[in-house]
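2 protein chains.
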Amino acid sequence: MNDEGEGLGSEAVGGFTRRRFIEGLSRVGGMGLVMAGMDAFGVGIASAQATPPALTGSGSGRKVLILGAGLAGMTAAYELQKAGYQVQVLEARDFAGGRCQTARAGFSLTELGGARQDCRYDKGQYFNHGPWRIPHHHHSVLHYTKLFGVPLEVFVNDNEAAYVYAETGKGPLAGKRIRRAEIAADIRGYASEMLAKVVNQGALDAEFTKEDRDAFITYLRGEGYLSASDLRYVGTSDRGYMVPPGAGSESGKVSPPFAFKDVLHSKMWRSLSSVATYSHQGTMFQAVGGMDQIAKGFERQVGRYVRYGAVVDKIAQNETGVEVFYTDAAGKKASARADYCLCTIPLSVLRTIDLAVSPRFKQAMTGVAYMPVGKVGLQMKNRFWETNHSIYGGIVETDIPDLGSIAVPSTGYQSAKGVLLGYYQFNASAAKISAKTPAERAAFAVEMGSRVFPEYRDAFESAFSVAWHRVKYNLGGWAAWSADGRKNDYPVLCEPDGRIYLAGEHLSYLGAWQAGAIESAWQQIGKIHSRAQA
Amino acid sequence: MNDEGEGLGSEAVGGFTRRRFIEGLSRVGGMGLVMAGMDAFGVGIASAQATPPALTGSGSGRKVLILGAGLAGMTAAYELQKAGYQVQVLEARDFAGGRCQTARAGFSLTELGGARQDCRYDKGQYFNHGPWRIPHHHHSVLHYTKLFGVPLEVFVNDNEAAYVYAETGKGPLAGKRIRRAEIAADIRGYASEMLAKVVNQGALDAEFTKEDRDAFITYLRGEGYLSASDLRYVGTSDRGYMVPPGAGSESGKVSPPFAFKDVLHSKMWRSLSSVATYSHQGTMFQAVGGMDQIAKGFERQVGRYVRYGAVVDKIAQNETGVEVFYTDAAGKKASARADYCLCTIPLSVLRTIDLAVSPRFKQAMTGVAYMPVGKVGLQMKNRFWETNHSIYGGIVETDIPDLGSIAVPSTGYQSAKGVLLGYYQFNASAAKISAKTPAERAAFAVEMGSRVFPEYRDAFESAFSVAWHRVKYNLGGWAAWSADGRKNDYPVLCEPDGRIYLAGEHLSYLGAWQAGAIESAWQQIGKIHSRAQA
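So the protein sequences, as listed, match chains A and B.
First residue of the first sequence: 1, per the numbering used here; consecutive thereafter.
First residue of the second sequence: 1, per the numbering used here; consecutive thereafter.
It is worth saying that the hints were derived from the structure and are not from the lab.
These numbers were taken from a predicted model, which means no experiment stands behind them.
Watch out, some of these pointers could steer you wrong.
All copies of an identical chain are treated as equivalent in the list; a pair is satisfied when it fits inside any one copy or across any two copies.
Derived DSS-like pairs: lysine-lysine, alpha-carbon spacing no greater than 27 Å straight-line [said to hold, decoys possible]:
1. K436 / K333
2. K472 / K332
3. K436 / K197
4. K417 / K146
5. K253 / K333
6. K487 / K253
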């Protein structure tokens with residue numbers, strides 16, 4: 001057993017890629033054979049690419065110039081230098097990590113046309129204003145956290161004790177904070193009751209044998225907590241207690257279910273689905289001490305290749321190589337040459353740089369929008385969400401205009417203070433709120449959040465907000481491809497233009513995720529290596 | 001905001017207990033008023049007793065003799081000494097904690113009539129063979145972990161990526177390992193499709209307005225991933241991918257759903273319910289470094305009152321006090337006197353001790369069975385469940401005879417080794433497997449577990465098992481009250497017999513849980529204190 005083998009790479013099946021292998025099985029023998037094949041791999045849901053490409057041979061004597069010391073750029077630098085390439089990384093900021101940032105005391109940010117924010121959290125408090133969670137199936141990220149010894153802890157994404165808060169519903173539950181378990185148990189319980197009723201009345205007898213029906217009713221009884229006698233949903237202790245069981249005579253008092261129509265018209269079921277979204281399906285992780293520990297893990301390996309404060313002005317190329325002109329940290333003009341360039345600069349920014357590529361390539365670069373994204377981290381002087389509400393980590397879904405969701409921290413449980421995510425907005429909401437000053441954004445978050453947690457007003461101490469579309473060197477949260485853009489422009493950008501290769505989350509189907517950045521880098525360095533070896 | 005106020009105690013509402021307050025609201029104004037009242041408390045699911053009783057006045061000059069240094073005994077010792085009482089604790093073992101134990105190198109156990117087991121795990125590896133998880137609503141446990149500074153980490157109980165393995169089902173899925181998300185998405189998807197179909201056909205029109213029907217169909221579409229056009233379930237990416245999305249052209253290949261009847265007759269839905277069991281509902285915790293850190297947190301506070309190795313032989317009382325006769329660690333007979341005795345010895349053991357209580361009390365002590373419980377911790381030389389299967393923490397449900405469930409560790413992610421729970425049995429299965437030698441139990445667990453994870457055979461290194469019904473001073477996992485026993489005998493034991501009070505999980509409706517032990521102690525010391533103050 002090889003501890004590094006989080007899954008089998010594309011080399012694993014005698015030259016077949018995993019995809020071709022599985023598709024082949026599917027054609028030959030249907031799903032039964034596919035399952036057997038996936039079992040043979042020992043995996044069911046491994047990444048398309050779970051480990052870096054094997055760069056066999058040596059890159060010695062070749063130089064790759066990498067633009068951007070985010071996760072894509074540092075991945076490329078790490079793997080290429082390991083394979084013998086000379087690498088150099090130009091990074092506009094004075095720190096590595098790209099969007100993989102954590103705000104803590106000492107961190108500052110000045111958005112375009114905005115005031116400077118100096119993070120004033122207490123020592124030990126922090127906020128992941130960039131990427132904040134890693135699903136268990138993002139093997140590429142987990143490959144490096146393991147390799148570089150970055151400790152992980154569980155990120156609580158789904159929490160049945162967290163509130164749902166819907167103002168736009170109707171009836172007695174509108175504008176009330178209700179625990180997710182209560183809504184889920186009730187709507188699913190009533191639905192199970194209805195289905196059991198019609199099945200029992202024979203509505204589906206054309207499709208069901210008696211054996212089918214009996215098994216299905218047994219399923220519905222368990223799933224929906226139906227009474228054995230009359231298959232009715234009358235609530236369940238699993239939705240919670242008014243008075244929980246305790247010592248002595250306290251046997252507990254189960255909270256009664258809400259009425260079906262009250263739940264139905266509350267619209268609180270909007271966030272329910274039979275399983276969690278794949279990208280957010282547990283177990284999820286975060287880096288202990290802040291997500292920037294992942295960036296720092298990379299930086300320990302490749303920081304020596306990075307020139308910080310180097311702002312790229314122009315990217316030129318000819319048949320023999322590339323030359324990149326930049327302004328260095330002291331304001332001096334400089335340039336660097338290499339055989340190939342791997343450019344991880346977001347397209348939103350790259351569009352503003354003098355770039356020697358074909359008109360078609362340039363046009364393709366305009367085919368994608370970048371997502372306006374806003375986040376605010378609110379330091380609270382106590383953890384009222386834990387002490388008063390028993391919510392330990394997790395996301396409170398709201399439909400409060402322009403607020404989105406609130407998330408309480410999955411770390412520092414039972415400690416004195418904490419930083420919660422006060423809003424998480426996209427698109428128009430993000431654009432709108434980002435026009436406010438940092439102080440106004442914080443006031444908005446506190447004002448709106450206190451509809452769910454009145455404790456906000458007393459507990460709020462300090463805020464740090466980001467509007468990624470206003471952050472220099474990013475100009476957006478992530479690439480948001482339209483269907484047309486994905487079809488027409490994306491494939492153009494996935495291939496090199498001359499000696500210039502692009503990489504980053506924007507060149508993946510894992511957009512916005514760190515895994516997309518890493519796997520894109522893996523793919524492109526594989527191409528560079530094949531070409532260099534040819 | 002008081003950080004200690006995890007909830008409001010019974011003092012909070014002018015002499016009303018929480019229960020009386022909420023029940024009053026319910027009588028007066030129905031559920032609407034109850035919800036408002038619960039909101040006024042700032043809590044929806046707090047414990048009946050979330051904080052220790054306020055022992056106002058002083059216990060000075062009174063002595064309480066506590067039998068057993070488990071969580072109930074140490075809770076009582078801590079609170080009573082704080083209130084000025086003289087306390088003494090007699091503990092049969094040479095360590096504190098009762099069932100709150102963790103096996104690691106240096107820990108040994110000799111079961112009744114069994115071989116001695118010396119735990120041979122590697123340094124840093126451990127296994128919680130007693131209590132292993134804490135739900136977020138067990139405020140009494142969380143009160144002390146916070147007070148005593150015992151760090152907590154998330155215990156992953158529900159993991160949609162974990163396998164379900166059913167041998168007793170029928171059809172192509174029987175004996176296959178299937179991820180929980182696949183089963184949940186498919187059975188709920190097909191059920192949603194059926195219900196949407198009959199609702200659309202008007203089967204429930206007597207109960208539904210058009211507005212109801214539209215809202216309900218919208219719910220079913222989201223819940224069950226139904227196609228917008230024809231309300232059919234045709235699978236979802238959230239059940240997983242054959243080839244996951246990646247970089248470049250890899251858009252991913254969603255795994256197709258299983259056929260409805262295959263899922264139905266697989267019986268793999270047996271472990272599904274619309275929400276998780278209340279006692280196991282997230283967020284759940286464990287103590288960092290092993291659950292015995294909770295015991296050690298208490299011991300740091302009250303260890304100085306504990307006489308270790310003191311095995312109680314006889315408990316006597318008269319109108320003026322109690323006297324307890326015991327054999328000390330050196331084998332010498334000794335006795336201790338006090339005004340009151342709080343006895344936390346499990347009834348299974350107490351029944352064998354000479355005890356001066358009424359015949360009715362004695363008879364009541366026989367009214368409860370103690371649960372045979374078996375657990376084994378298997379140290380594996382690599383974490384194949386993570387690297388090969390992407391299962392990070394969580395429980396693999398099986399119907400393998402006498403095996404029960406397998407649980408992989410919620411700590412040490414991505415490290416070299418790990419200890420997994422190889423079986424967790426109750427009742428007849430526990431009795432049967434406990435008859436084996438420790439080596440045979442380990443061989444059984446490895447043999448059976450390898451049906452799910454073939455890697456077991458290569459990776460297994462070292463085992464430590466416990467059969468709680470064979471452990472001296474416990475003679476069972478926990479008290480398993482029958483309905484009759486709960487009705488007739490339990491109330492007798494909740495009240496004192498003369499100056500002897502009982503406490504422990506067995507005197508709570510939180511049987512088997514640490515919270516039951518603590519809250520029972522809280523309740524009984526409240527009674528002792530009232531009497532002593534009278």
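Structure-based check of each hint:
1. K436 / K333: neither (35 Å within a copy, 78 Å between copies)
2. K472 / K332: within (20 Å within a copy, 78 Å between copies)
3. K436 / K197: neither (54 Å within a copy, 48 Å between copies)
4. K417 / K146: Between copies only: 13 Å across, 30 Å inside.
5. K253 / K333: Cα proximity of K253 and K333: none, with 74 Å in one copy and 47 Å across.
6. K487 / K253: between (57 Å within a copy, 17 Å between copies)
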